[in-house]
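Dock chains Y, F and E against chain W, hints included.
Residue numbers (the numbering used here), protein chains in the order written: chain W, 1 to 399; chain Y, 1 to 399; chain F, 1 to 399; chain E, 1 to 399.
For the record, the hints were derived by calculation from the structure and aren't laboratory data. Where hints are given, some of them may not hold.
To be verified - Now the in silico label distances, taken between C-beta atoms and shown as ranges:
1) F:L117 x E:A27: 38 to 48 Å
2) E:E17 x W:A319: 14 to 24 Å
3) E:A105 x W:G279: 33 to 43 Å
4) Y:L110 x E:G141: 14 to 24 Å
Computed from a predicted model, the values in this text were never measured in an experiment. Virtual Cβ for every residue (Gly too), placed ideally from N, Cα, C.
Number of protein chains: 4
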Amino acid sequence: MSGANVAVLASPAEALEAAQRLAPGLAARAARHDADGEFPSQDFAELRDAGLLGLFVPRRLGGPGASFSDYAAVALELGRAAGPTALVYNMHASVTGALASTPDALIQALGGSNRALQERDRLLAAARDGSLFAVAMSERGVGARLSKLKTTYTREGEGFVLRGEKSFVSGAGHVDAYLVAARAAARDEPVVSYFFVPAGDGVRVEPSWDSLGMRATASHDVTFDVGLPLDALLGGVEGLALLLAQVMPQWLVASYAAVYVGVATAALEEAARQATARGLGRLPALRARLGRADAQIAAARLCVLDAARAVDASPGTPATNRAVWRAKLLAGDVAATVASSMLEAIGASASRRGNALERLYRDARCGALQPATSDVCADYLGLAALGADPSAGADEARW
Amino acid sequence: MSGANVAVLASPAEALEAAQRLAPGLAARAARHDADGEFPSQDFAELRDAGLLGLFVPRRLGGPGASFSDYAAVALELGRAAGPTALVYNMHASVTGALASTPDALIQALGGSNRALQERDRLLAAARDGSLFAVAMSERGVGARLSKLKTTYTREGEGFVLRGEKSFVSGAGHVDAYLVAARAAARDEPVVSYFFVPAGDGVRVEPSWDSLGMRATASHDVTFDVGLPLDALLGGVEGLALLLAQVMPQWLVASYAAVYVGVATAALEEAARQATARGLGRLPALRARLGRADAQIAAARLCVLDAARAVDASPGTPATNRAVWRAKLLAGDVAATVASSMLEAIGASASRRGNALERLYRDARCGALQPATSDVCADYLGLAALGADPSAGADEARW
Amino acid sequence: MSGANVAVLASPAEALEAAQRLAPGLAARAARHDADGEFPSQDFAELRDAGLLGLFVPRRLGGPGASFSDYAAVALELGRAAGPTALVYNMHASVTGALASTPDALIQALGGSNRALQERDRLLAAARDGSLFAVAMSERGVGARLSKLKTTYTREGEGFVLRGEKSFVSGAGHVDAYLVAARAAARDEPVVSYFFVPAGDGVRVEPSWDSLGMRATASHDVTFDVGLPLDALLGGVEGLALLLAQVMPQWLVASYAAVYVGVATAALEEAARQATARGLGRLPALRARLGRADAQIAAARLCVLDAARAVDASPGTPATNRAVWRAKLLAGDVAATVASSMLEAIGASASRRGNALERLYRDARCGALQPATSDVCADYLGLAALGADPSAGADEARW
Amino acid sequence: MSGANVAVLASPAEALEAAQRLAPGLAARAARHDADGEFPSQDFAELRDAGLLGLFVPRRLGGPGASFSDYAAVALELGRAAGPTALVYNMHASVTGALASTPDALIQALGGSNRALQERDRLLAAARDGSLFAVAMSERGVGARLSKLKTTYTREGEGFVLRGEKSFVSGAGHVDAYLVAARAAARDEPVVSYFFVPAGDGVRVEPSWDSLGMRATASHDVTFDVGLPLDALLGGVEGLALLLAQVMPQWLVASYAAVYVGVATAALEEAARQATARGLGRLPALRARLGRADAQIAAARLCVLDAARAVDASPGTPATNRAVWRAKLLAGDVAATVASSMLEAIGASASRRGNALERLYRDARCGALQPATSDVCADYLGLAALGADPSAGADEARW
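The shape of chain W in the complex, shown without the other chains (with noise of 0.2 Å):
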């Protein structure tokens, strides 16, 4: 993909304006793709051309170089103004975030080599250029446990062949590339790697995806059956996947918090705008439940910004690790307390398909079964409130 149109982007503050910009015509377009499950194409197109693929890169690479803090700005403002097109958005900013804020000293110690942060520097290039990449971690059956994933990898000749099934591929069909997770095929124990596979032969997308909410995100299955470069191993390491949960916690757990704070935000002020049309704010019933809900949206917004915030300051430390799972938890049980409140709010005219609360309670109540769930994050904070080590101490494995 060329970059060509692609804008350039000097500074976070100019993506979080970009992403205001396009906001509304995001908004606009919302109901046609969710009533349709149809991929956002021109939302993306917009987000490429406003140069917001490239939020991550670094200011060496010629990107805007945005932290954490700036990606949950951004991805707050996205997720108010189309929960699907954040979400793919925020896929992207998985894979591209992780890259750039992988330290080198890190992939060497790991035993990386030069030529993998030359090929990591490429990817990034390309993110900036306006490629869109996806993540295919998820396999049905095993949900998003690396260390049960089916897909395998094994070293042949030159390069690796990969082989498996993904599920819950968000932008399937519309990316560039997939990072794919798979298990190391000749290994007894879960050594897991990460791949970069392009999209083209070998990668086939099955349009399965057809769900209850977030209908426009393309997440669908995705059968690889390819062969890949030496390159094509993140890192140039194996084994990073486990070790990347664990230290980077925010890309798998909590990146899409911001995502449901902005639906549940999405939720309360169309509520309001309802109430406010059809004369409703003289009920007290109805005020109380708004009254609640901005308090818990408040809330849950910000521990989003207090773990963006501390990703940033101090990534991969215990407290950090925490106020992650927290921003988790507290995101996707508030966006479905406050949509479901909100339908109760306006009453059975809210129910109706083209109502916009209609779709946003469905987009709502998504974000608490995405994993990591409600139910594993609390018992992850509560190992942690017992001073245990969350990462080891859980009777099911989480990864």
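Okay, now just chains Y, F and E, sitting in the frame of chain W:
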């Protein structure tokens, strides 16, 4: 509609058996009806043939003479199998149940003639023989508040002319007649009467129903512009509507409570089935969700049955009416809460269309939104707890 | 204790009337008992004189032969008047109810002799004549898990020696005899038996009870170091305790559920009274709180009565036991939720000591904490919903 | 009160360190103060000696010149150690904070003289030197609604006479002066002014405070019948009270929010400690309770700090005031919810007096009851969400 193929139910027990016998078929078709928003014609053919449209027909007219408790048992069963079918059935049951349970003496005391009693019996006999009735009460911008209706009737020649637009008319286009609430055009104070309007000329169905849940109810908008004979006036008495809302609130407020408890039951059972199939029963958080759902459903079910018993034993008393409003409040809240929790118990896979939980979740959310909404119920019950007359004491007119 | 002044109750209905007659007196003394943490001796003198200690005594022994449903109705009434009195009464009822409802055939099948049956009748006759019994089961650090008890008994000479320290012994120091659970000292596997231990030598009460709520129950620690005749062994059979927990869970799990529904009812009624006195009924948020409390209490009450009916109709079946656990879960949760909300309805003045809501709030919080706690109940019910055997399937031993 | 032993705090950071240093001592004494309902005199001797009574004294008067954010950090710390001490401290902070943050220009614009400014500085200097202030605003039957106050003042001779009975006067009998709200006796419309009334003649404390929680605050009734000099009128301006409630709602609405978040934090930490000591960390239901509590507390804490930052950055704006009301709502609700859940996590032993959770549970319940109650906050925020002016739009006067 001829009664040629319609079975004669000798007792309420036989009716319940028939419902149980038909339930698997209803359940098997529910997903398709939901997907297409298609009226469950086959379901109603089976219900009719089994004699279930005559559930409330008294023994003296050859029916099983079911009580409200008998109806609740049937509605729980149907709601567990197919919520939308049970909702449409509920509207028919409300009409026939109200007809069957209005004492002759009350109609006579209000000035109704013997001819009105004969007309009532004619309608019940038609139900016995397989006629299906709908209710046309709500209007856009008015909701279910009878005192604010814009549909009017005027006396003209040897009959009435009735004109107006109704919304949320479940079963529209698929029934033999509509019970329509309308206010006297010539009067300043709200005199609201009920009319029986046969399907056909002067009744235009707008296929507008497209909703979050309960998608198969065909609750379309219907425009009436129709001349009616004198006999079409229910009970032969004007002004009956507000009176019935007071003395038989069960038909407006709580007859569908049983349906939503049925839907909640289906959600719990479906979640247990999926959890077992996927080996998730070992997860304590899932067990806690199922256990709490089980208790909530049992409680709501007992409240529905308690209200039904009260309606049968002493209809229209303040204590009975409180039980009725409680049943509505609990059924609506429990259905939404349980279905949402079951989705969380199973996780992201439950949000796929085609997974029964996805549909049940949408169906379950609609209960608390139907009038009287949960907030309205809570206010009613609060007034009653304070010793006030909840029919009179609200800040807003309830009907 | 002589039965000289003890009334003979001819029927359960008379028992309920007696409870209703005594209730105002109990309620009037409740505040003082709470303030001083004083055992309600006057309450029990009145209950005894009215014949209520003999509620479960069968007709063949001159008692009213109450069912569990009869008991639940009495306990609701007493709990509404004075929670702690009702709780102590509940322990006595558990002992006498279990005695009365254990079939002769079961005792015989387990190897119990006729002498054991005679001894049981002697105890029931004592209750009829005014004896009050307590239960000594829980131990510090063990809770109510029978299989972990540290109190032991050994066979010595023509009897047993029983030694150990019990906690939460409601009525300690005010009863005529204690039903004590102890394990056989000589056995590796947990053989847990029940013994009747008369108050007196070898029974030392530590006045340790000083609690958040239910302060008048005298639930002190009690140290037993006592020799007992052979007849003291309940049913004449060792190992009865775990068996009874399985087949009569009502006595361990749910007999006090009715008490807590009574407390919740008192809280709602008291809040309505204060709201009326202060003219707060016009506040919509208060009305909503009262209305939702009313519905929750009604639901919990119906679950308690439903469980009681099931116990009477088919004791010990899986369906009955589920109803029992549900009743416990809902009663405990509803009491705490309602009392807390009533405090918010009335505001700061309700938190003054001397305001009845302050006391009811503390009393109400204790229900879910008593074994089986709400979390344990939810797990039990979750297992049952999954079709598993909830008596066996828990991760932790329940008893 | 002489400032002889009072430390000089050079900065807010030093103040926070002092609070952290004193916290263990406060915590160690908290149980005794609660049991006896005894004012924590030793706590206040230590707070005074550490200079913490002068927290809000500006630098030009030799104080650390703390911001609202600085105060919130201190109050969180104190509330975590001893809720009642933190609450009394909060009242003092409200007085001194309001004094310190009222702009000279505002006082002058309202007609306040230079003499009023000098008097204000004199009071701040007294706080710096160790004087402790209380607030006497609420009245029985009136609550905190300023417009309904029955305490009056009249101009007499060279001063005022102030008469009335106040309730909930935290610190009564232990402070050097009271800030008293009273209305002008001669006026029909409510002109409510503030007066500084020194302890001593004309101030009679009724030792009436005996409450569910926060028992050590000595929030007694106080009767005022006292002559005052002209300087006693705060700001030298009549009618300031309602104005301050609008432009500085933080002092009435949310300054104690931080205290309750501190109490909730203490409850979580205490539950984790007890769970660890008793080996309960293996219980998934306990971990879930701790985990959700952790997230809720973090969210409420962030809302409190966010409101504080807003108050510092742009006091009195609509956005700031919303943040203030949100903080109050969330802190009160979260404290009650968390403490109740922690009791359930630990079980019956946590309900024993002497177990810190028992005390924390009672303390925590009081937050949502203090004005503005949670229901009032929800209504305020609901109006704001609707775009209405929440200061004006309520059905009931808020102040």
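Next on the checklist: If you test the structure against every hint from before, which numbers come out violated?
Outcome noted: 1 and 4
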